[in-house]
Amino acid sequence: MSIQYILEIVGTFAFAISGALAVKDTEHPDWFAATFTAFISSIGGGTLRDVLLGSYPLVWISDITILYAILAGVLATFVFYRQLMHLRRTLFLFDTFGIALFTIVGTEKALSLGVRPEIAAIMGMFSAVMGGVIRDTLTNEIPIIYRKEVYATPCLAGAVAYLVLDYLGAERNTAFIAASALIIVIRILAVKYQWRIPDFFR
Amino acid sequence: MSIQYILEIVGTFAFAISGALAVKDTEHPDWFAATFTAFISSIGGGTLRDVLLGSYPLVWISDITILYAILAGVLATFVFYRQLMHLRRTLFLFDTFGIALFTIVGTEKALSLGVRPEIAAIMGMFSAVMGGVIRDTLTNEIPIIYRKEVYATPCLAGAVAYLVLDYLGAERNTAFIAASALIIVIRILAVKYQWRIPDFFR
Amino acid sequence: MSIQYILEIVGTFAFAISGALAVKDTEHPDWFAATFTAFISSIGGGTLRDVLLGSYPLVWISDITILYAILAGVLATFVFYRQLMHLRRTLFLFDTFGIALFTIVGTEKALSLGVRPEIAAIMGMFSAVMGGVIRDTLTNEIPIIYRKEVYATPCLAGAVAYLVLDYLGAERNTAFIAASALIIVIRILAVKYQWRIPDFFR
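Protein chains in written order, with this note's numbering: chain A, 12 to 213; chain B, 12 to 213; chain C, 12 to 213.
Hints in this document: simulated from the structure, not taken from any laboratory.
Some clues are possibly wrong.
A pair counts as met if it fits within one copy or between any two copies, since identical chains are not told apart.
Here are the simulated SDA-like cross-link-like pairs (lysine to any residue), alpha carbons at most 25 Å apart as the crow flies [as the list claims (entries may be wrong)]: (1) K159 / T148; (2) K35 / E160; (3) K203 / I75; (4) K159 / F89; (5) K120 / Y79; (6) K203 / P40; (7) K120 / R93; (8) K203 / E38; (9) K35 / I20.
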């Protein structure tokens, strides 16, 4: 549990960095906009999941560490901004690690609240991607799920993999690591080989 | 009750079709975008209503049939896309039927949770139109309620009609059918004769 | 308590006016759009706060006076529209008074529900500004917090001031008035001297 908690804080920190960087292209990228956007990006997905499930108190309201992890991410972005710009590949890996972790944590949480597996998979995917969707909507960007990049589908695939492993009786840590790894691998391959989701309209 | 349940599933199916078709004009109308948008369009209004009322569990979380009705709508859109494009009038009737049904079901649900009639009417209208509003916001469209079309006001009128009939002691099925019919008639007349809501600024 | 309640109703009325005026620049500023936008602007921030805190029933659902205060604001906007346009300074003061009041009321409510002060400050600020953010998102405007104007930071400063005074044992009414006044003064000075939040990216 302790290792998972540390990973969640690191995931929050990583999401805060990508959120703060996202204000770069807005009209007035000031400190407030950067902090607000980092906050929304980090807690948006998990908050939506918990509000939909009626699971209170929300994690970031009961555990103040999350807020400070976000502020640390904002500060790190401010200090290391120039270096971060040269580390686009590292940032991509951070984000990919973040969505993989958030997907499986979200899927597990939903399952533990007694919902059906189909719903748990949706909640896992929402935990990972909806923070970014809310951020994009607020900054008047096309939400990431509507861009050509493969983003939410690896999360869905990983959530389903976790559910199948869980159903087959796999040990929980094994399922957690295998499913997260699957998300990371699919996403990296998707970007490297420019995979596309098939067109809906022929 | 059984007939109403079947109608709700049909309404969900109809909303999923209109949601999937709505991604046609986005930049990357792939399978994920179509399914996600169909899902948001179908469950958005009722979800907002239930979150505002604190009514848990959400309907689509406790009843998995709704999810499968949405997926069926997406699949039907994919298979019958060309035919659907020639059936714009049929689609309009489906959507009109959907908002009429969702308005009255939403009004009834809010009433049954003990809120005042004014709030129940707002909740009924939200059930019908907010799924589309959330969808339009995510796809960077002007939300339907801000376009010149008469869309939400027939729902409000129908909700008020239902509340008046209920207050006057009308039998529930009679009130349900009469109020739904009123919404359908107003909307059809509004489109046919290009009715407009009066301008707010003279 | 009675005076605070009257102030809250006045704040709601003021927010409804600024919401109704905000549809002026949309494509079809009709009665429905004006009323809907006034409603969202007025109740959006407090609703988000209460949904995040899981505090039910929502204030405007249990107290119907709020809905009528909003409708009165819409009506007043319609009747006195020409005069209001000449009173931009008065309107600005109304809005500033509104966000100051909503910030402290929101901070207090969150505190009373047992959250930590950091979270209470965020909830106070959300109460004041998120109604406008939701309104701007729906009308496809850049949300006010992303424009160059200093808007949310005075609210945060006032919330922190309230929490410090409360911590120091100040009498509640004193803390309320002092913190609200601080928000009003900062905002007026910020507009008058065109203060800017420092840029995040150098």
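Quick rundown of the hints versus the structure:
no.	hint	result
1	K159 / T148	both (17 Å within a copy, 19 Å between copies)
2	K35 / E160	both (20 Å within a copy, 17 Å between copies)
3	K203 / I75	neither (37 Å within a copy, 36 Å between copies)
4	K159 / F89	between (30 Å within a copy, 19 Å between copies)
5	K120 / Y79	both (23 Å within a copy, 23 Å between copies)
6	K203 / P40	between (31 Å within a copy, 21 Å between copies)
7	K120 / R93	neither (37 Å within a copy, 41 Å between copies)
8	K203 / E38	between (31 Å within a copy, 21 Å between copies)
9	K35 / I20	within (24 Å within a copy, 39 Å between copies)
The structure fails hints 3, 7 (numbered hints given earlier, in ascending order).
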